[in-house]
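Asks: Okay, here's what each chain looks like letter by letter:
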Amino acid sequence: MDYFAQQLINGLVLGSIYGLIAIGYTMVYGIVGMINFAHGDIFMIGGFIALITFLILISLGLTAIPVILLVVLLVSMAITALYGWTIERIAYRPLRHSFRLAPMLSAIGMSFVLTNYSQIAQGARVKPIPPFITGGYTLHESADGFVIQLSNIQIMVVITTIVLLGIFTWLVSRTRLGRDMRACEQDQTMAALLGVDVDRTISMTFVIGAALAAVAGLMYLLYYGLVDFFMGFVAGIKAFTAAVLGGIGSLPGAMLGGLAIGLIETFWSAYFSVEYKDVAAFSILIVVLIFMPTGLLGRPEVEKV
Amino acid sequence: MTATPHETTKASRTAGIPFLLKTAFINALIALVLFSLMVGIRTEAGSDGQLTYWARFGDVAALVGAVFGGSIVIELLRQWIGPTGAEKLVPPSVQSGMSFIGRYLAPALLIFTLLVPVIFYNQRYILDLAILVLTYVMLGWGLNVVVGLAGLLDLGYVAFYAVGAYSYGLLATSFGWSFWICLPLAGILAAFWGVLLGFPVLRLRGDYLAIVTLAFGEIIRLVIINWQSLTGGPNGVSGIPRPSFFGIPLDNSDDGLAAKLGIEYSPTHRIVFLFYLILALALLTNWVTIRLRRLPIGRAWEALREDEVACRALGINTTTTKLTAFATGAMFGGFAGAFFATRQGFISPESFTFQESALVLAIVVLGGMGSQLGVALAALTMIGGFELFRSLENYRMLVFGMAMVLIMIWRPRGIIGHRAPTVYLTKAQVISSDLVKEGHG
Numbered sequence: 001m002d003y004f005a006q007q008l009i010n011g012l013v014l015g016s017i018y019g020l021i022a023i024g025y026t027m028v029y030g031i032v033g034m035i036n037f038a039h040g041d042i043f044m045i046g047g048f049i050a051l052i053t054f055l056i057l058i059s060l061g062l063t064a065i066p067v068i069l070l071v072v073l074l075v076s077m078a079i080t081a082l083y084g085w086t087i088e089r090i091a092y093r094p095l096r097h098s099f100r101l102a103p104m105l106s107a108i109g110m111s112f113v114l115t116n117y118s119q120i121a122q123g124a125r126v127k128p129i130p131p132f133i134t135g136g137y138t139l140h141e142s143a144d145g146f147v148i149q150l151s152n153i154q155i156m157v158v159i160t161t162i163v164l165l166g167i168f169t170w171l172v173s174r175t176r177l178g179r180d181m182r183a184c185e186q187d188q189t190m191a192a193l194l195g196v197d198v199d200r201t202i203s204m205t206f207v208i209g210a211a212l213a214a215v216a217g218l219m220y221l222l223y224y225g226l227v228d229f230f231m232g233f234v235a236g237i238k239a240f241t242a243a244v245l246g247g248i249g250s251l252p253g254a255m256l257g258g259l260a261i262g263l264i265e266t267f268w269s270a271y272f273s274v275e276y277k278d279v280a281a282f283s284i285l286i287v288v289l290i291f292m293p294t295g296l297l298g299r300p301e302v303e304k305v
Numbered sequence: 001m002t003a004t005p006h007e008t009t010k011a012s013r014t015a016g017i018p019f020l021l022k023t024a025f026i027n028a029l030i031a032l033v034l035f036s037l038m039v040g041i042r043t044e045a046g047s048d049g050q051l052t053y054w055a056r057f058g059d060v061a062a063l064v065g066a067v068f069g070g071s072i073v074i075e076l077l078r079q080w081i082g083p084t085g086a087e088k089l090v091p092p093s094v095q096s097g098m099s100f101i102g103r104y105l106a107p108a109l110l111i112f113t114l115l116v117p118v119i120f121y122n123q124r125y126i127l128d129l130a131i132l133v134l135t136y137v138m139l140g141w142g143l144n145v146v147v148g149l150a151g152l153l154d155l156g157y158v159a160f161y162a163v164g165a166y167s168y169g170l171l172a173t174s175f176g177w178s179f180w181i182c183l184p185l186a187g188i189l190a191a192f193w194g195v196l197l198g199f200p201v202l203r204l205r206g207d208y209l210a211i212v213t214l215a216f217g218e219i220i221r222l223v224i225i226n227w228q229s230l231t232g233g234p235n236g237v238s239g240i241p242r243p244s245f246f247g248i249p250l251d252n253s254d255d256g257l258a259a260k261l262g263i264e265y266s267p268t269h270r271i272v273f274l275f276y277l278i279l280a281l282a283l284l285t286n287w288v289t290i291r292l293r294r295l296p297i298g299r300a301w302e303a304l305r306e307d308e309v310a311c312r313a314l315g316i317n318t319t320t321t322k323l324t325a326f327a328t329g330a331m332f333g334g335f336a337g338a339f340f341a342t343r344q345g346f347i348s349p350e351s352f353t354f355q356e357s358a359l360v361l362a363i364v365v366l367g368g369m370g371s372q373l374g375v376a377l378a379a380l381t382m383i384g385g386f387e388l389f390r391s392l393e394n395y396r397m398l399v400f401g402m403a404m405v406l407i408m409i410w411r412p413r414g415i416i417g418h419r420a421p422t423v424y425l426t427k428a429q430v431i432s433s434d435l436v437k438e439g440h441g
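Just so you know, the sequences run in chain order A and B.
Sequential numbering of the first sequence, starting at 1, is according to the UniProt record's numbering.
Sequential numbering of the second sequence, starting at 1, is according to the UniProt record's numbering.
Some hints here could point you the wrong way.
Claimed, not checked - Which bits of chain A does chain B cover? Going by a derived footprint, with three or more residues having C-beta under 8 Å, they are: (1) 82-93; (2) 104-110; (3) 127-140.
Quick caveat, the hints were computed from the structure, so don't treat them as lab data.
Don't be surprised by glycine CBs; every beta carbon is placed ideally from N, CA and C.
Pulled out of the complex, with its shape left as it was, chain A reads as follows (with noise of 0.2 Å):
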């Protein structure tokens, strides 16, 4: 039982790092209709860019921990969004009206620029930063000795998950951007009629998303302590896995998805074996898309002639 209880923990604020970058997914796939392939490596991007950031910080003879987290987490959020800007800007804007596999297969194509930049720019070999938030509570410990820990950054992580979806929430359903992003969702062409910056609001919709994967990539920095040029493919593929189990377009549902992909990979690798824990979370995008297309809080698709 603390097994499954510590478990449980972490297989939540996994699923909250896989929540925020399915959010990203699930807004450019409500808004634009694509899969933003390319969107796994911007997270991998917002993790480099924190792991610069604190380095210099560090360096620079800052002690004050709140102060240093504020910091990075501004300064990859703007950047990473400024990546996210660009890359929509020159790999998918120019192809908004061309046929459906082209944006799919730009983004395959600028995931394999965005790879190989941070490779080349970075160097292959795995980064570590020694453990910045240390500490934690020890909830419970049983007769045996096991013990449920609850670390700070555990903490940290379920937090700020909690406060960027509360702020993103708000966003969507209370301002001007908002009500623009979702009048764009339903129909491009009404909306620029009716005076909506259709090309803004889609530039918008991937700073967004762009921001919160470098929340996600900050937040994977601290809680596992390195970066690697590759950590994007497969985070990407599995936070799409989570957009899709929550019902792609769908931003609740994109977090719940997370946290759903979270806790099956924790408990996977928990009860039966680590080494399939991928093919586990692939296994499951493939079973959802055949029983429940639609995902768990989505709306099924109608199709026209």
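Given chain A's structure and the hints, the job is docking chain B onto it.
Replies: Frame of chain A, contents of chain B only:
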């Protein structure tokens, strides 16, 4: 909304140097922010596990300067070429010229290919490269059945390549079966896996299908890595026997082909044999595809590609149509895999990554999705291009990714666009392939 690109282009055409400089300056500023940390600061883990970093401001300055200059050049080119939207239709004269070239290019290329081992007999490097190109031509033609004909986007094609390679590798090393027995078996096994993949994805379309096939490809690779008792895991399978000339080994022994023919033995014999083997396999793929296109099943594939709903309304069984497309494509992938295993003598999961799938898909897309000649030329360009960039090992995939993006922007229908259905109800319209609308799939 459709009018906006024209207006902006017009506006930028009339704008002069200040506009140019402003655009270039903004682009350079964006580049500065993008590259500042990722390129400007290089991190590396030291021997004690501590991270160190050093600055590379020179590189950032060079990149920003390149972006500044590049955006001026691109903007000038754009003004020089003018709006592209108006000239989408290919003029009839160019079209007839293209078809004239197309009619004679294919036989000429085929004759040249047949003569390659004669011309370049002493140049081992060129022969090896030609074998590699032909392998990708075959893979491209195989995937073309799925993507180009049936319109099903498959991002996990390399899985079937892997199944074929491992089928031959394991059967030959465990049971000592010969290549010629294993080749059909590898094809059948790969086709079986194709059907296995086909069943679950029958209901999926477009992007979802792409992601599921990608996941499938990754599952196969992960299983190969982790199922160590069978596949040897990351170490792969080594000592895979070389192919024989229908039972006669191509070596320096008394039973060898050279000894039987009474000619002097040379290691090039085997290379030449491999060359003709893959050429035969590729041509088989081509021939079968062309024949299948004229059978009811081929027509059904094309109908499926154009419009799945209409296809079903016409009473075509989309289930069998999709499954046969997957199985046929997978079978050719399996053949190519078996050939790959016998050529290399060693296979490991590293050869079957997602990059490989993307490369084959890029060949099919670049070749125009559906055009046999286009795919062959695209394979030649891609693999040849890769060879040119061989010295820049790390930059290869970077350039490949950029090329994929640029091709999608400039010629989304491939360099040689041809994907018209084989039969029409009325006379074919003279219409550029750029304007053909995508069917679902």
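Asks: Evaluate each hint against the coordinates.
Replies: Now the hints, each set against the structure:
1. 82-93: Satisfied; 5 residues make the cut.
2. 104-110: Held - the region 104-110 of chain A has 6 residues with a Cβ nearer than 8 Å to chain B, which meets the minimum of three.
3. 127-140: With 4 residues closer than 8 Å to chain B, the region 127-140 of chain A meets the three-residue bar; holds.
Of the numbered hints given earlier, the model fails none.
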